[in-house]
Amino acid sequence: MKVLRDSWLVFERYVGITVRNPAWVVSGLVQPLLYLTLFAPLLKSVASTPGFPAGGAFNVFVPGLVIQLGLFGAAFVGFSLISELRLGVVERLRVTPVSRLALLLGRALRDVVNLLVGSVLLILLSIPFGLIVHPVGLLVVLGLQTLIGMLFASLSYALALWLKSEDSFAPLLTTATLPLVLLSGVLLPLSLAPDWLRSIAAANPLAYAVDASRAVFNDHLSDPSVIKGVAIMAVLAAAAVVTAARTYARAVA
Amino acid sequence: METSGMIETRGLRRTFKARQGPIEAVAGIDLRVETGAIFGFLGPNGAGKTTTLRMLSTLLPPSGGEATVAGCDLLKRPQHVRERIGYVGQQGGSDNTVRGRTELVFQGRLYGMSAGDARRRADELITMLELDACADRPSGSYSGGQRRRLDIALGLVHRPRLVFLDEPTGGLDPQGRARLWDEIRRLREDGMTVFLTTHYLEEADALCDRLAIIDHGRIVAEGTPDQLKRQIAGDVVRLGVAGSPREALELLAGQPFVREASAEDGMLRLAVDHGEAAMPAILRLLDGAGLRLETISLSRPSLDDVFLHKTGRSLREPAA
Numbered sequence: 000m001k002v003l004r005d006s007w008l009v010f011e012r013y014v015g016i017t018v019r020n021p022a023w024v025v026s027g028l029v030q031p032l033l034y035l036t037l038f039a040p041l042l043k044s045v046a047s048t049p050g051f052p053a054g055g056a057f058n059v060f061v062p063g064l065v066i067q068l069g070l071f072g073a074a075f076v077g078f079s080l081i082s083e084l085r086l087g088v089v090e091r092l093r094v095t096p097v098s099r100l101a102l103l104l105g106r107a108l109r110d111v112v113n114l115l116v117g118s119v120l121l122i123l124l125s126i127p128f129g130l131i132v133h134p135v136g137l138l139v140v141l142g143l144q145t146l147i148g149m150l151f152a153s154l155s156y157a158l159a160l161w162l163k164s165e166d167s168f169a170p171l172l173t174t175a176t177l178p179l180v181l182l183s184g185v186l187l188p189l190s191l192a193p194d195w196l197r198s199i200a201a202a203n204p205l206a207y208a209v210d211a212s213r214a215v216f217n218d219h220l221s222d223p224s225v226i227k228g229v230a231i232m233a234v235l236a237a238a239a240v241v242t243a244a245r246t247y248a249r250a251v252a
Numbered sequence: 000m001e002t003s004g005m006i007e008t009r010g011l012r013r014t015f016k017a018r019q020g021p022i023e024a025v026a027g028i029d030l031r032v033e034t035g036a037i038f039g040f041l042g043p044n045g046a047g048k049t050t051t052l053r054m055l056s057t058l059l060p061p062s063g064g065e066a067t068v069a070g071c072d073l074l075k076r077p078q079h080v081r082e083r084i085g086y087v088g089q090q091g092g093s094d095n096t097v098r099g100r101t102e103l104v105f106q107g108r109l110y111g112m113s114a115g116d117a118r119r120r121a122d123e124l125i126t127m128l129e130l131d132a133c134a135d136r137p138s139g140s141y142s143g144g145q146r147r148r149l150d151i152a153l154g155l156v157h158r159p160r161l162v163f164l165d166e167p168t169g170g171l172d173p174q175g176r177a178r179l180w181d182e183i184r185r186l187r188e189d190g191m192t193v194f195l196t197t198h199y200l201e202e203a204d205a206l207c208d209r210l211a212i213i214d215h216g217r218i219v220a221e222g223t224p225d226q227l228k229r230q231i232a233g234d235v236v237r238l239g240v241a242g243s244p245r246e247a248l249e250l251l252a253g254q255p256f257v258r259e260a261s262a263e264d265g266m267l268r269l270a271v272d273h274g275e276a277a278m279p280a281i282l283r284l285l286d287g288a289g290l291r292l293e294t295i296s297l298s299r300p301s302l303d304d305v306f307l308h309k310t311g312r313s314l315r316e317p318a319a
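Just so you know, the protein sequences line up as chains Z and F, in that order. Residue numbering for the first sequence is 0 to 252, as defined by numbering that gives the first Met the number 0. Residue numbering for the second sequence is 0 to 319, as defined by numbering that gives the first Met the number 0.
Please note that the accuracy of each hint is not assured.
In the DSSO-like style, the derived pairs of lysine-lysine whose C-alpha atoms are separated by at most 27 Å in a straight line are [what the hints assert, rightly or not]:
(1) F:16 to Z:163
(2) Z:1 to F:309
(3) F:228 to F:309
(4) F:16 to F:75
Just so you know, the hints here were simulated from the structure itself, not pulled from any lab data.
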């Protein structure tokens with residue numbers, strides 16, 4: 000099928016570019032490792048606070064950290080597209096008969112692979128600290144991470160193509176990602192939050208992804224929050240891919 | 000289809016939304032580009048050249064009008080148009096970190112070639128455009144000329160019958176420009192139709208079989224370079240007089256052999272029928288009026304004169 004063939008070609012190209020200039024990948028990996036070493040130790044004592052979920056500090060914190068890696072690892076990918084727009088790469092690719100969907104899908108897939116590598120690394124490194132993970136759970140979390148990556152990479156590309164300028168893209172990203180993280184319960188579980196904060200967080204789709212991730216890591220695969228989180232991410236990811244592919248198909252510098 | 004040219008447009012328009020209201024970048028153009036010609040689109044920056052090129056190459060949907068490109072309806076079958084045309088944008092579009100050869104192979108694959116075919120075609124183009132020395136280095140390390148030749152190679156990967164070149168020699172030194180002209184002429188020899196934009200008069204004059212002059216989104220003149228020059232008929236006499244040129248302008252503008260007279264930068268510019276006969280007459284007239292002549296020159300009309308004649312502005316004004 001043409002879309003698959005073309006997506007693979009585009010994916011290959013961007014993997015090549017990433018391998019030659021892995022700065023973004025490295026910075027994406029360093030962040031969660033810093034959280035793991037510099038922030039996680041603080042949780043040991045917080046874990047005994049009333050209201051803190053059961054399962055041990057690491058099994059509460061790392062699942063959230065994985066989701067945060069998904070957000071930050073994907074949200075910034077749009078920067079590369081802005082410079083490609085300026086260099087004429089977008090036009091050059093668009094004028095070929097390549098599948099329009101593949102142009103977006105191929106590069107978003109590269110971003111997802113980056114994310115998955117980082118996520119696996121993060122999870123493996125957390126095991127010595129006391130994280131408990133089961134193979135099936137790991138697969139479910141990586142599947143969830145794939146959807147999160149698709150969602151935020153696509154959004155990032157669409158926004159980058161609308162704004163066309165790093166100067167407006169950067170502040171928008173920072174403004175948008177911070178409340179998403181704060182209201183997702185990544186740093187501290189929302190079970191500790193007052194009611195008003197929790198009701199705002201209910202409108203944050205990322206909070207459901209964090210819930211799903213925590214349930215998986217705590218071995219509650221059949222918990223309704225898992226299917227809920229996956230379903231919400233899947234619907235949003237599909238919508239974001241379609242929107243971004245359409246935006247890409249019309250983009251001119 | 001048998002009588003149709005490589006490109007035909009009718010009333011092709013494009014408006015952009017802006018805060019001050021809609022801006023008409025291309026205000027309805029009718030064009031016909033014959034197969035096998037080098038067709039030039041000449042105009043200042045912002046005249047609508049790139050917008051037209053983007054419409055014809057499917058990058059930008061027209062706001063109105065219709066067009067046939069390489070035998071296909073632009074609006075109904077953009078995918079067929081894409082398969083048949085090559086497009087080399089102003090910025091080229093290769094990634095600084097990617098080797099030229101890799102870009103060419105990837106481009107071939109995007110046009111549906113197998114990996115082997117794409118590699119062989121890349122080799123051919125590297126030889127043809129003399130990129131052997133740099134093909135295996137990242138394109139960020141290329142000279143301006145090498146970069147531009149790679150850009151053009153990328154537009155030729157699938158052997159299109161029609162290739163669009165947006166400002167192909169922009170930013171090149173005279174040597175690099177002359178070399179690229181030769182490459183472009185070779186494309187015509189190979190039977191290709193070339194549609195290029197330029198704001199260099201020399202380029203339009205030296206390279207193009209036919210020209211359209213575009214200004215403010217409208218075609219103001221169209222024809223071969225010679226036809227266009229003949230349209231404004233006659234020669235141009237430029238002269239400088241001591242003091243204010245106003246008096247001399249008034250004196251000369253009224254003469255029967257002067258078709259047009261204007262003053263720019265303290266110099267007078269006269270369009271006359273026969274320059275050789277007009278010059279002595281001008282000298283006598285100025286002498287008789289007690290005006291001292293400082294410089295005088297005679298030139299055959301250039302495309303800049305055509306442009307000035309058609310738009311009231313010179314193309315040589317520094318680009319904003």
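Given pair status - residue 75 of chain F, residue 16 of chain F, alpha carbons within 27 Å: Roughly 24 Å separates the two Cα atoms, so the pair holds.
Pairwise hint evaluation, residue 309 of chain F against residue 1 of chain Z, where the allowed Cα distance is 27 Å at most: violated, 49 Å
Pair hint residue 16 of chain F and residue 163 of chain Z, alpha-carbon separation not exceeding 27 Å: holds, 16 Å
Hint consistency between residue 228 of chain F and residue 309 of chain F [alpha-carbon to alpha-carbon, up to 27 Å]: This hinted pair holds, its Cα atoms lying about 11 Å apart.
Hint check: a violation occurs at hint 2 only; the rest are consistent with the structure.
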